[in-house]
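There are 2 protein chains.
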Amino acid sequence: MTIIQQMGQRAKAAARVLSVAGGKKDDALAAIAKALLAHTDKIIKANAVDLENGRNNGLTDALLDRLSLNESRIQGIADGVLKIVTLSDPVGEVLSGKTLKNGLEISKVRVPLGVIGIIFEARPNVTADAATLCLKSGNAVILRGGKEAINSNMCITNIMRNAVESVGLPADSIQLIEDTTRNSSVELMGLSEYLDVLIPRGGAGLIKSVVENAKVPVIETGAGNCHVFVDESADINMAAEIIFNAKTQRPSVCNAIESILVHEAVAQKALPVIKTKLDEKNVELRGCQKTKDILGESVVLSTEEDYFTEFLSYILAVKVVSNIEEAIAHIAKYSTGHSESIVTSDYKNAEKFTAEVDSAAVYVNASTRFTDGGEFGMGAEIGISTQKLHARGPMGLQELTSMKYIIRGNGQIR
Amino acid sequence: MTIIQQMGQRAKAAARVLSVAGGKKDDALAAIAKALLAHTDKIIKANAVDLENGRNNGLTDALLDRLSLNESRIQGIADGVLKIVTLSDPVGEVLSGKTLKNGLEISKVRVPLGVIGIIFEARPNVTADAATLCLKSGNAVILRGGKEAINSNMCITNIMRNAVESVGLPADSIQLIEDTTRNSSVELMGLSEYLDVLIPRGGAGLIKSVVENAKVPVIETGAGNCHVFVDESADINMAAEIIFNAKTQRPSVCNAIESILVHEAVAQKALPVIKTKLDEKNVELRGCQKTKDILGESVVLSTEEDYFTEFLSYILAVKVVSNIEEAIAHIAKYSTGHSESIVTSDYKNAEKFTAEVDSAAVYVNASTRFTDGGEFGMGAEIGISTQKLHARGPMGLQELTSMKYIIRGNGQIR
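Here the protein sequences come in this chain order: A and B.
Numbering-wise, the first sequence is residues 668 to 1081 according to our numbering.
Numbering-wise, the second sequence is residues 668 to 1081 according to our numbering.
Okay, chain A solo, but in the shape it has when bound:
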């Protein structure tokens, strides 16, 4: 048995205990928050090793910043854990139930998934975030973080394991794979005997690799090629504000937009207003010929590739479309199914857009930036699913659970 298979076996045993641990899970979370704060110095020391290695390996300043932990960030992590304590336990929720004619009482009850694998990149805060969300929902977790953060991750994981053990739950509820070579992630993707689901958290490359190689069920997260469609009847100032917000408030995240579609009947009037607003942040526009005809030479001529691209920066693709049908067809072709918005004052078109656009979140007259577990009131989020099976959109505690039927009888046979 390999080390990772042994971890799988221990995780499965821990999951059986966690599935019926009830309020003890909150005790463990509180102990984790306390221990993280108590060991702030230790975490900062481990993190310093990662930062030093990162500098020696030529990591960019942006990556070093993501990797870096200080007192206030550790306080933030602990606060996040304490927030999870306040959320209600999804396990045991009765989803529905009835009594059949033969007297059988049947109820559908929420249960944990079991063992969750998480593959993530350089942010050490994900270690605590992901582990504690899994713990609260009664799942054991096997974490596999990036090599850049391995010292921080090992330190945080050990602190969490000791805290979990201190309240009488299995330390193996939370395990970290210390081997950060490609071998270990490939092995985790094939651990079908022990893993109930694998969730990749990171860039498009990581997610693609997991989706293509995994033998275990995967929940795809995060790829967001989002659109705003400016309908013929749009309030143009509202459209410009929504586009500006959705593109520039935080361009590097998955719910930021990458393309806008503008109805030709309003393009002449709307595009200059939108451009003036986007110029405040020097957003580069890549437009179709009609866009260029209206906005002039400062607009780069777009390629088909541009419409497929998640720029994650101050670049926006623009297309003038003949009607709402063309807008919906464009979204069906190029979108990753994350979030799309229509700006309109027409009731029928609002209804048409929300009915026909097949994405996790479909907006009328609002910014796509709201697609977020916190904004949606879930309290916490482990990622945003862009697939249709099991979970779609922001995933909170409920999305980390399954269900079972419990049937109570008094001797019924068929």
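Be aware that one or more of the hints could be misleading.
Facing chain A, a subset of chain B residues (Cβ under 7 angstroms, in silico) [said to hold, decoys possible]:
#  : residue
1  : 684
2  : 687
3  : 691
4  : 915
5  : 1031
6  : 1059
7  : 1065
8  : 1069
9  : 1078
10 : 1079
11 : 1080
Listed next, the in silico PhoX-like pairs over lysine-lysine satisfying Cα-Cα at most 20 angstroms (straight line) [unchecked claim]:
#  : chain 1 : residue 1 : chain 2 : residue 2
12 : B       : 691       : A       : 1000
13 : A       : 882       : A       : 679
14 : A       : 775       : B       : 1019
15 : B       : 1019      : A       : 679
16 : A       : 1019      : B       : 691
17 : A       : 875       : B       : 882
18 : A       : 691       : B       : 1019
19 : A       : 882       : B       : 875
20 : B       : 1019      : A       : 1019
21 : B       : 775       : A       : 1019
By construction, these hints were calculated from the structure, which means they are not laboratory data.
Where is the CB? At the ideal position from N, CA and C, for every residue including glycine.
Following the hints, position chain B against chain A.
What follows is chain B alone, placed relative to chain A:
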């Protein structure tokens, strides 16, 4: 582009139409039922070719019977389709909703999955069953049936396609892969650009092959290594009746039991009563040494393999266990997570068993044979999921859907 890729593309286009087809889907179902009856002779003629080929290829009588269609079976298929018309449309159901502080109105709405692939074996009735359940839930379907039934399947599919078209919905809502070589099923398992989910319906071999080879999300169905545990406090006659029913009422189905576990404190008294009942149907017992000590030489000594086996026949594995913990641990190790039952009169043990046994359906004092979409009141069933992601237990129309968030605003930005 291969033929199957083209089918995928056409299915995706059809799915977009079906997703907003509303009541027209019921018109299509009614047209299908009518057309199947109107073309009974044609179906029987096509089926005769399959039966002739089957006889020439040496199919067993049991397989030929499964394959065979006659007037009354076709009437049964049409009745099944009409029953689906009476079920309420899952699409558009609002699952939850609220208004956020910023005025955004958010609702979680049920939508179709999109394109569903179904791989199945020799029963031609599955063609109509599966296609019409997918249609009602707003999904396009690509069917890949076994070669034994290809003429029947082609005939039934053509009749359904014409009926769907006659009410103005796309014929490509229902497509059948006519190539029945292994190549076509392998290609379908890799059709990730077009398929939202693949559901295998058939024996353990088929399901295993799909789970191992598919690149698209799969819902595992049907493998049922189910257990009854006779607790110390069990009503022994009730236990014998439940075991007899669960083993012998229909041994070839997935919700029949394969093993029983008997508490040692009651084994001396219970096992002879259970055996006497099972002798009525000449059930072969394969027991542990303690079972043999009590029941004598007529019991075959069980191997570990027996506890892993889905016999699907009049064979039952028996084990005497020291306590409920051992019973739960045995089930955790050997069960396929389908259905398990405890026979007990002890409240605490009933609660413990239902909480700790991690299977799709967990019973107290009832036969496992009730795990069925019809019995659970779902109206229809496409299979029984033994996985924890997306759907667990009997899958009806709701389990063939996903959801999306619709968010209505008036200019909200972050």
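These are the hints, each one checked on the structure:
Against a cut-off of 7 angstroms between C-beta atoms, the interface hint on residue 684 of chain B is violated, since the closest Cβ of chain A lies about 10 angstroms away. The closest approach between the C-beta of residue 687 of chain B and any C-beta of chain A is roughly 5 angstroms, which is under the 7 angstroms cut-off, so the hint is satisfied. Because the beta carbon of residue 691 of chain B sits about 14 angstroms from the nearest beta carbon in chain A, more than 7 angstroms, this interface hint is broken. Of the supplied interface hints, the one on residue 915 of chain B is violated, with its beta-carbon coming no nearer than about 11 angstroms to a beta-carbon of chain A, more than 7 angstroms.
Hint on residue 1031 of chain B holds. Least Cβ distance to chain A is approximately 5 angstroms, under the 7 angstroms limit. At a threshold of 7 angstroms, the smallest CB-CB gap from residue 1059 of chain B to chain A is about 6 angstroms, leaving the interface hint in force. At a threshold of 7 angstroms, the smallest CB-CB gap from residue 1065 of chain B to chain A is about 10 angstroms, leaving the interface hint violated. Proximity of residue 1069 of chain B to chain A holds as hinted, the smallest CB-CB distance being about 4 angstroms (cut-off 7 angstroms).
Because the closest C-beta pair between residue 1078 of chain B and chain A is about 4 angstroms apart, less than 7 angstroms, the hint holds. Of the supplied interface hints, the one on residue 1079 of chain B holds, with its beta-carbon coming within about 4 angstroms of a beta-carbon of chain A, less than 7 angstroms. At its closest, the beta carbon of residue 1080 of chain B sits 4 angstroms from a beta carbon of chain A; the interface hint therefore holds under the 7 angstroms criterion. At roughly 26 angstroms between alpha-carbon atoms, residue 691 of chain B and residue 1000 of chain A are farther apart than 20 angstroms, so this suggested pair is violated.
Straight-line distance between C-alpha atoms of residue 882 of chain A and residue 679 of chain A comes to about 18 angstroms, which keeps the hinted pair within the 20 angstroms bound. With a C-alpha separation of about 17 angstroms, the suggested pair residue 775 of chain A and residue 1019 of chain B falls inside the 20 angstroms cut-off, and the hint holds. Restraint check for residue 1019 of chain B and residue 679 of chain A: the C-alpha separation of about 19 angstroms stays at or below 20 angstroms, so the hint holds. Taking the CA atoms of residue 1019 of chain A and residue 691 of chain B, the gap is near 17 angstroms; set against the 20 angstroms cutoff, the hint holds.
Of the pairs offered as hints, the one joining residue 875 of chain A and residue 882 of chain B holds, with about 12 angstroms between alpha carbons and a cut-off of 20 angstroms not exceeded. Annotation: proposed proximity of residue 691 of chain A to residue 1019 of chain B holds, straight-line Cα distance about 17 angstroms (limit 20 angstroms). Proximity of residue 882 of chain A to residue 875 of chain B is assessed by CA-CA distance (about 12 angstroms); at most 20 angstroms being required, the pair is judged to hold. Proximity of residue 1019 of chain B to residue 1019 of chain A is assessed by CA-CA distance (about 50 angstroms); at most 20 angstroms being required, the pair is judged violated.
Annotation: proposed proximity of residue 775 of chain B to residue 1019 of chain A holds, straight-line Cα distance about 17 angstroms (limit 20 angstroms).
Comparing the model with each numbered hint stated earlier shows that hints 1, 3, 4, 7, 12 and 20 do not hold.
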